[in-house]
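Participant: Here are the chains, one letter per residue:
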Amino acid sequence: MAIKITLDGREVECERGMTILEVCNKQGIRIPTLCYHPQVSKTGACRLCIVRVNKTMFKTACTEPVVDGMNVISCDDELIFIRKSLLNLLLLEGDHNCLYCEANGNCELQSLCHEYGIEIPPAGDIRNVRTRDVTSSEGLRREENRCILCGRCVKACAEIQMNRVWDFAGRGSHAHLTTHIQDVLGDSECVQCGQCVQLCPTGALSFQTVYGRGLEWELTKKSSICIYCGVGCKIDFSINPQGELVRADGALDGPNKGHLCVKGRFGFDFVQSPKRLKTPLVRKNGELVPTSWDEALNHVADRLKQIKTENGSDSVMAFTSAKCTNEENYLLQKFIRAVIGTNNIDHCARL
Amino acid sequence: MTNSIREIPVSEAFLIIGSNTTENHPVIGAMIKKAVITGGKKLVVVDPRKIEMAKYADVFLQILPGTNIAILNGLMHVIIKEGLHDKEYINSRCEGFADLEKTLERYTPEYVADICGIDDPEMIRKAARILGNAKPMAAYYCMGITQFKSGVNGVKSVANLQMLLGNLGVAGGGVNPLRGQSNVQGACDMGGLPNVFTAYQPVTNPDARQKFQNAWKIPTLPEKPGLTIVESMNLAIEGKVKALYVMGENPVISDPNQHHVIEALKSLDFLVVQDIMLTETAEYADVVLPGCAFLEKDGTVSNTERRVQVMRKALNPIGDARDDWWIITEIARRMGVEWVYNSAEEIFEELRAVTPSYAGMTYERLENELLQWPCPTIGHPGTQFLHKDRFARGLGLFTAIEYTPPAEQVDPEYPLVLTTGRLLEHFHTGTMSRNSKILDAIVPEPYVEIFPNDAENYNISDGEIVSVSTRRGSIRLKAFVTKRPKPNVVFIPFHFHEACANVLTIDALDPLCKIPEFKVCACKIEKVYP
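In order, the protein sequence lines correspond to chains A and B.
Using our numbering, the final residue of the first sequence is 351, and nothing's skipped along the way.
Using our numbering, the final residue of the second sequence is 530, and nothing's skipped along the way.
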């Protein structure tokens, strides 16, 4: 049902049940957020999305539902002051030095500090030195001194992967991330789907594949479809200037809705394996030796022609591939049926 | 799948049978977990192993491998006895119910529990009530239904259950096979099968042949259905199949009875392997052709829910690797036909003209819309779920099916049941996952899962090297003592060439669709003394 609110002095129509943040997003008004992520539930933990409601109240826009006649101010001097203070506190609490952080350029905290003109925080000891566990897991790195306790990773694991590996422990300024029974990540029940890393707004959680292999602004993004099972997850790949694959993120518009499993996340470097075949090979004197495309293709064509002539079309069989595209499968069955003249074509659908 | 992945939240209950969903289709597995854990939906899991999904199940039926049909008949028996079936749906949309009802008569929970190795028959009643009382209920299955010599009947039994409960042709219901390869659906849709052209147009149908003869501008096409993979291997040994062209497959690891497969490859006069690596199969080849990997090419793939998606080239091909379609075109041209293709999209335009279910799809549409076949015309929105209002054949046909035991039974010499499958971290023959550093680091070596009591019987401790043997061969690998498999059942993942599970598996085939019985055979396990 449509209701009306006043947003920054302008009357706006919206649906009952929407949050202030959703209305602002729809209206193109930017509200800073850190703990909010559209794929997981909302907790209003970071308080950065704070807005002024009905002149006197401060509410977190990501959790507050709109009501008819509500008056919302998305940004004013006092809100800016509060947001800056929050960002300063976050910076003070951890070790946020972009110089040696692999999230540099891909960090929501960094972007907001830049946007709000945050100065270098006063020098002083880091309040709590938290866990640094960058080797126990094959795929994931955990540098908790960069954690801002937004809880996105906890929710990614509990609400998307449904594994509940992450949680918070400790209270107040001692609050920190933990895996169940306080194992290091590598000893936990983590299945390395990497969803927590995909949702992490800072460099607290990162992928082993990213470390030292290019910063955000050097990476090119390309989308493709995962090569493993039949779910058909859409993946956004990041490629560095050397042409190496460094990161895989689940795309929101695929059937996976942003999620990936460990294979989709980490199972792509075979494409650049030194074991890849680089030239055609032909067997000569019992050995497979490199040859030119021309020689290899002519040899295949000649032998197939010869065997077809001598033994009939039905003496030729082809296995097509569930790893190849529709176009390639279509073409191979056309080749076998129209050029060879047999229906001897099958693939691993049964295997 | 008759239905769509995005319908998971709509289902009121799930039956997962013969699918280790969280390991083999993890993204769908997580979605179902979410529906069950936070959505409060009901879940019945049927599997020989205590897979992760079993933890969340309202009822978990740990059956012996090869007894799917018995358990499904048992569930249907209870559903009918307790009047939970959808009588109106059966009367208006189905046929053959009387025969089914008669056959099901003797599949009492007690009878079925005995066949399936379930201690408490009451569990079957409980599961049947859950499935019968929730609507819509979605059935998900995988190779744990199909890879038996009764594979076709297993699938028909799932269909029987879903028609009995009126769960076909409705959102959130359906018979949902989870396809195990990125484009296995597409390879089937494209006619990569011995009996059909694209979109399952039979090669035996003269009209279909005429249509393709016209489209391909050739005078005749063969009418006799061709060979399946396992049949072709047998005929290679007999000397009737002389040449084999393998594109992106690795039968040495993936096919049953490895020694037999290798013998077949060696018997061939000519073997071409087109792949991205020198696979175990390529080692026997006369010519090896380097194809592009998925990130190096354009093209479309069709997922398990019939959704067609465009893949775009992200990387330049390595070395002198070429597009698979280019390689095929070049060979065809050198055999004297005038084929000209300049891009994958050109081939797609040709194929959609002869493929009714893809006819309405173009690259432009696929990149902007979610399209699932059938999509017969430009402007057609695609099909979210099949069999709405009426079945493809008109009335839904119930098939009365009797349980038949697997090809090989345990005996004093081979007293354990062997079943095989996949792991979360690896994929099929390992060509891709075992060449991915992180995946191979997580699970670097093969193992056999064995139940603690069985391990004790054979004096085997966790981590010890054992030999597992069947009538076809023997492999050595580490023992993993765990309560996951059912007692008397051992499980081996088949990704590992160094201890290839398919040395052991049996090549008994389903008489109709020729699927091998990977999922059950008799084996023995022995400790290896150093």
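The set of hints was computed from the structure by calculation and includes no laboratory data.
It is possible that some hints are incorrect.
To be verified - Pairs of lysine-lysine, DSS-like flavour, derived with a Cα cap of 27 Å:
1) A:Lys257 - B:Lys388
2) A:Lys305 - B:Lys388
3) B:Lys437 - A:Lys278
4) B:Lys514 - A:Lys257
5) A:Lys278 - B:Lys313
6) B:Lys313 - A:Lys221
7) A:Lys284 - B:Lys224
8) B:Lys313 - A:Lys222
9) B:Lys34 - A:Lys257
10) A:Lys42 - A:Lys55
11) B:Lys313 - A:Lys305
12) A:Lys257 - B:Lys87
13) B:Lys514 - A:Lys221
14) A:Lys305 - B:Lys437
15) B:Lys87 - A:Lys275
16) B:Lys217 - A:Lys305
17) A:Lys42 - B:Lys34
18) B:Lys514 - A:Lys308
19) A:Lys257 - B:Lys313
20) B:Lys224 - A:Lys308
21) A:Lys278 - B:Lys266
22) B:Lys135 - A:Lys275
23) B:Lys313 - A:Lys275
24) B:Lys388 - A:Lys284
25) B:Lys266 - A:Lys308
Stated by the list, open to error - Derived DEER-like restraints, expressed as beta-carbon distance ranges:
26) A:Asp167 - B:Lys478: 46 to 52 Å
27) A:Arg164 - B:Pro206: 41 to 47 Å
28) B:Lys135 - A:Asp187: 20 to 26 Å
Even for Gly, the Cβ is constructed at its ideal location relative to N, Cα and C.
Participant: Against each hint, give a clear statement of whether it holds in the structure.
Facilitator: Against the structure, the hints:
| no. | hint | result |
| --- | --- | --- |
| 1 | A:Lys257 - B:Lys388 | holds (26 Å) |
| 2 | A:Lys305 - B:Lys388 | violated (48 Å) |
| 3 | B:Lys437 - A:Lys278 | holds (20 Å) |
| 4 | B:Lys514 - A:Lys257 | violated (36 Å) |
| 5 | A:Lys278 - B:Lys313 | holds (18 Å) |
| 6 | B:Lys313 - A:Lys221 | holds (11 Å) |
| 7 | A:Lys284 - B:Lys224 | violated (36 Å) |
| 8 | B:Lys313 - A:Lys222 | holds (8 Å) |
| 9 | B:Lys34 - A:Lys257 | holds (14 Å) |
| 10 | A:Lys42 - A:Lys55 | holds (24 Å) |
| 11 | B:Lys313 - A:Lys305 | violated (33 Å) |
| 12 | A:Lys257 - B:Lys87 | violated (37 Å) |
| 13 | B:Lys514 - A:Lys221 | violated (43 Å) |
| 14 | A:Lys305 - B:Lys437 | violated (42 Å) |
| 15 | B:Lys87 - A:Lys275 | violated (59 Å) |
| 16 | B:Lys217 - A:Lys305 | holds (20 Å) |
| 17 | A:Lys42 - B:Lys34 | holds (17 Å) |
| 18 | B:Lys514 - A:Lys308 | holds (26 Å) |
| 19 | A:Lys257 - B:Lys313 | holds (22 Å) |
| 20 | B:Lys224 - A:Lys308 | holds (17 Å) |
| 21 | A:Lys278 - B:Lys266 | holds (25 Å) |
| 22 | B:Lys135 - A:Lys275 | violated (51 Å) |
| 23 | B:Lys313 - A:Lys275 | holds (21 Å) |
| 24 | B:Lys388 - A:Lys284 | violated (58 Å) |
| 25 | B:Lys266 - A:Lys308 | holds (19 Å) |
| 26 | A:Asp167 - B:Lys478: 46 to 52 Å | violated (33 Å) |
| 27 | A:Arg164 - B:Pro206: 41 to 47 Å | violated (59 Å) |
| 28 | B:Lys135 - A:Asp187: 20 to 26 Å | violated (43 Å) |
Hint compliance for this structure: hints 2, 4, 7, 11, 12, 13, 14, 15, 22, 24, 26, 27 and 28 are not met, and every other hint is.
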